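There are 2 protein chains.
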Amino acid sequence: MKVLPGFKFNGIASGIKKNGVKDLGLIYSEVPAAAAGVFTTNRVKAAPVLISQKRMRSGTAQAVLVNSGNANACTGDKGMKAACQLSTTLARRMKIKEEMILVSSTGVIGVPLPAERIQGNIPILIGGLSPYKIGEFAQSILTTDTFPKIVMKEVEIGNKQVEIWGVAKGAGMVMPNMATMLAFVMSTASVHPATLRNLLKDGVDQSFNRITVDGETSTNDMVLMLVNGKAGNSVLTKNSKEIKKFRDALFSLLFELARMIVKDGEGATKLVEIRVEKARSVNEARTAAFAVANSPLVKTALYGEEVNWGRIMAVLGRCGVAIDPGKVHISFGKVKVVKNSVACGTEEKAQEVLKGKEFAIVISLNRGKGSFQVSTTDLTPAYVAINSSYRS
Amino acid sequence: MKVLPGFKFNGIASGIKKNGVKDLGLIYSEVPAAAAGVFTTNRVKAAPVLISQKRMRSGTAQAVLVNSGNANACTGDKGMKAACQLSTTLARRMKIKEEMILVSSTGVIGVPLPAERIQGNIPILIGGLSPYKIGEFAQSILTTDTFPKIVMKEVEIGNKQVEIWGVAKGAGMVMPNMATMLAFVMSTASVHPATLRNLLKDGVDQSFNRITVDGETSTNDMVLMLVNGKAGNSVLTKNSKEIKKFRDALFSLLFELARMIVKDGEGATKLVEIRVEKARSVNEARTAAFAVANSPLVKTALYGEEVNWGRIMAVLGRCGVAIDPGKVHISFGKVKVVKNSVACGTEEKAQEVLKGKEFAIVISLNRGKGSFQVSTTDLTPAYVAINSSYRS
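In the order they appear, the protein sequences are chains A and B.
Quick note, the first sequence lines up with residues 1 to 392 if you use my numbering.
Quick note, the second sequence lines up with residues 1 to 392 if you use my numbering.
Simulated from the structure, these hints should not be mistaken for laboratory data.
Keep in mind that the hints are not guaranteed to be accurate.
Note that the list lumps identical chains together, so a pair holds whenever it fits in one copy or between two copies.
To be verified - With a Cα cut of at most 30 Å, we get these calculated DSSO-like pairs of lysine-lysine:
#1 Lys81 to Lys336
#2 Lys95 to Lys369
#3 Lys95 to Lys327
#4 Lys336 to Lys54
#5 Lys336 to Lys201
#6 Lys241 to Lys97
#7 Lys278 to Lys334
#8 Lys17 to Lys278
#9 Lys18 to Lys339
#10 Lys160 to Lys18
#11 Lys133 to Lys18
#12 Lys278 to Lys133
#13 Lys78 to Lys334
#14 Lys327 to Lys2
#15 Lys357 to Lys95
The model shown is predicted, which means the values in this text are computed figures rather than measured ones.
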């Protein structure tokens with residue numbers, strides 16, 4: 001089994017969730033690691049977001065404590081105290097500075113975090129830390145996800161083997177800005193903190209900020225990245241010759257994690273790329289792509305495998321982009337179904353594309369050079385079932 | 001049975017829909033009527049929208065031809081020709097000017113209108129016109145609606161009895177701007193055309209533009225109003241003493257029709273008012289209210305009768321309004337569940353409210369004096385079922 005030199009992990013059941021399901025995870029770096037984070041743009045921010053955002057300013061961190069089953073959001077001063085209490089306990093037990101601990105939560109909003117119960121399990125959490133428990137950690141952060149999400153990459157930087165591991169969770173309240181989920185990236189690379197921040201921000205823009213499950217941006221989103229320098233490469237900065245190699249590996253890892261989140265979107269049976277081309281600008285393409293990707297009528301038609309391209313036209317017409325209503329082309333996969341806003345008579349072929357599990361819908365607005373692609377899911381009875389009994 | 005002096009109606013099956021379901025309706029005014037219309041803001045406009053919008057400029061009309069089962073949208077030049085062909089036939093047969101005929105369509109987008117088949121049924125449609133067939137007309141314009149929507153009002157204007165009748169259809173692609181549906185209002189009042197236009201526009205803003213089923217604005221929306229003056233009141237203008245009485249009756253009719261549309265929203269089991277208060281402005285309140293009213297997570301929680309107010313907080317935080325995340329109050333009916341953004345411990349009482357079929361969720365942002373109310377529905381498995389097999 002692979003290890004990530006200098007990092008240890010654990011994931012246990014601390015009693016937040018019922019039936020002994022794992023709900024508490026820990027990432028530990030043996031040395032202080034350079035760290036960067038991207039946090040939710042939701043104005044309602046959970047306590048752990050506020051705390052980690054503040055602690056991230058130093059650009060270093062050594063541990064990440066994550067719980068699922070409770071978002072610790074809209075919990076007021078008590079929520080802040082609960083989160084701090086846990087990180088104080090962890091700091092004392094691990095003999096590291098409290099400011100080196102990042103915290104992260106996901107789950108139901110507005111319910112007090114059972115801090116006492118969690119606190120009692122911290123010794124067990126620390127005691128079980130191991131280089132081999134990335135799987136346990138990945139399990140412990142899940143909510144409605146149906147599978148754990150881990151991606152591992154290797155890249156050679158200046159003759160040194162650099163490892164990058166990423167772990168993420170979805171699966172509802174997923175819509176960028178930034179993408180609405182948790183992800184943790186650990187690497188043995190040595191990277192200058194400012195470079196790391198920029199890399200992570202750009203990488204998130206290219207990946208998690210281009211997915212949606214339900215158009216909802218959560219109160220708890222965060223992507224954290226810790227690099228411990230164990231690979232022994234000379235410190236990467238934006239001017240390093242080999243920064244592109246590292247960026248490519250990191251971006252491809254983030255992209256794969258983001259796709260896993262969409263694929264495991266609540267109730268999803270399909271992963272659909274919505275690509276808008278020839279918009280006047282990238283912004284305009286983004287607006288149109290997200291409007292289509294979040295449309296309940298488009299998403300239910302995807303679930304039903306119906307070639308109902310009229311719904312896409314209707315969304316394009318209402319999304320605020322000044323489209324020319326007579327100039328739109330739409331393809332399902334490689335099958336052109338709409339040319340200049342009217343049907344091509346290829347519905348049977350398009351229907352075959354829709355039966356697939358993964359395909360693209362390409363929309364050309366024919367008014368410029370901007371393009372943007374969003375990954376989305378279908379809207380299914382299972383989505384409704386999951387979310388109408390979330391707290392039960 | 002009541003009649004509306006000077007107006008006749010009919011609704012028949014013309015073969016657009018399967019199994020002999022009514023799909024073609026006609027409203028006829030014996031005299032040229034003063035007319036006003038409000039049309040969809042979707043940039044993709046169906047052929048009948050473009051035609052009726054143009055003909056409405058004269059401020060008079062004498063007939064409205066409506067079909068369901070086919071939107072005649074995204075059908076290109078052929079769609080325009082098909083709609084014109086039908087109104088030409090109707091004009092000849094009825095011996096009225098073609099410009100006096102308004103057309104309206106609802107149903108699937110992008111499928112050619114079977115104009116020949118419809119045309120063959122126009123003589124039957126005209127032959128069956130009757131003052132008693134408002135019910136048949138109301139049936140003929142339905143799509144996924146489960147019940148016809150008719151509201152009748154009487155109001156005394158200058159000792160004359162004035163009647164106002166309204167007919168509408170929903171039930172999906174419903175979201176204002178303007179509200180996404182068809183509605184037809186007929187009255188025996190005498191109203192100055194400019195006054196009528198303003199009244200209708202304001203009335204629609206207060207009613208249809210404050211509802212949503214799924215956040216989708218259709219390509220075919222229109223509200224048309226015809227007044228024939230048969231009541232014999234002196235012409236109402238904005239300065240008339242009794243304009244307020246007429247406005248109140250009209251607005252209450254429009255409001256009732258709009259509520260019927262939400263109540264009959266696709267798959268809906270609940271009618272919920274989302275009222276945002278103490279926003280900095282009405283616009284801000286509108287933005288927040290619609291974001292909550294269209295949130296799939298809020299709407300699935302409503303269906304599941306779950307007191308998941310955290311999802312409302314999350315929507316408020318992401319909706320673009322600069323809320324103070326610590327100052328929000330939320331009530332379900334009369335039960336306050338959130339004070340200053342944290343739980344009040346009243347979930348059991350709130351749960352009782354959620355079990356009702358109709359209730360209000362009141363959100364106070366505590367940052368100003370703007371308020372806005374939106375009527376919405378829950379998101380149910382039936383919505384997904386209806387819309388994943390719409391064309392089948």
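Quick rundown of the hints versus the structure:
1. Lys81 to Lys336: Classified as between; 25 Å across copies, 57 Å inside a copy.
2. Lys95 to Lys369: So lysine 95 and lysine 369 fail the 30 Å test inside a copy (55 Å) and across (52 Å) alike.
3. Lys95 to Lys327: neither (65 Å within a copy, 38 Å between copies)
4. Lys336 to Lys54: neither (50 Å within a copy, 33 Å between copies)
5. Lys336 to Lys201: neither (36 Å within a copy, 40 Å between copies)
6. Lys241 to Lys97: Answer is neither; intra-copy 35 Å and inter-copy 77 Å both fail.
7. Lys278 to Lys334: within (17 Å within a copy, 51 Å between copies)
8. Lys17 to Lys278: Result: close neither inside a copy nor across copies, 48 Å intra and 37 Å inter.
9. Lys18 to Lys339: Between copies, since 28 Å is at most 30 Å while 53 Å is not.
10. Lys160 to Lys18: So lysine 160 and lysine 18 fail the 30 Å test inside a copy (45 Å) and across (70 Å) alike.
11. Lys133 to Lys18: within (22 Å within a copy, 60 Å between copies)
12. Lys278 to Lys133: Neither. Shortest intra-copy (46 Å) and inter-copy (50 Å) distances fail the 30 Å Cα cut-off.
13. Lys78 to Lys334: So lysine 78 and lysine 334 pass the 30 Å test across copies only (26 Å; inside, 54 Å).
14. Lys327 to Lys2: Cα proximity of lysine 327 and lysine 2: none, with 53 Å in one copy and 49 Å across.
15. Lys357 to Lys95: neither (49 Å within a copy, 56 Å between copies)
Taken one by one, the earlier hints fail for this structure at numbers 2, 3, 4, 5, 6, 8, 10, 12, 14, 15, listed in ascending order.
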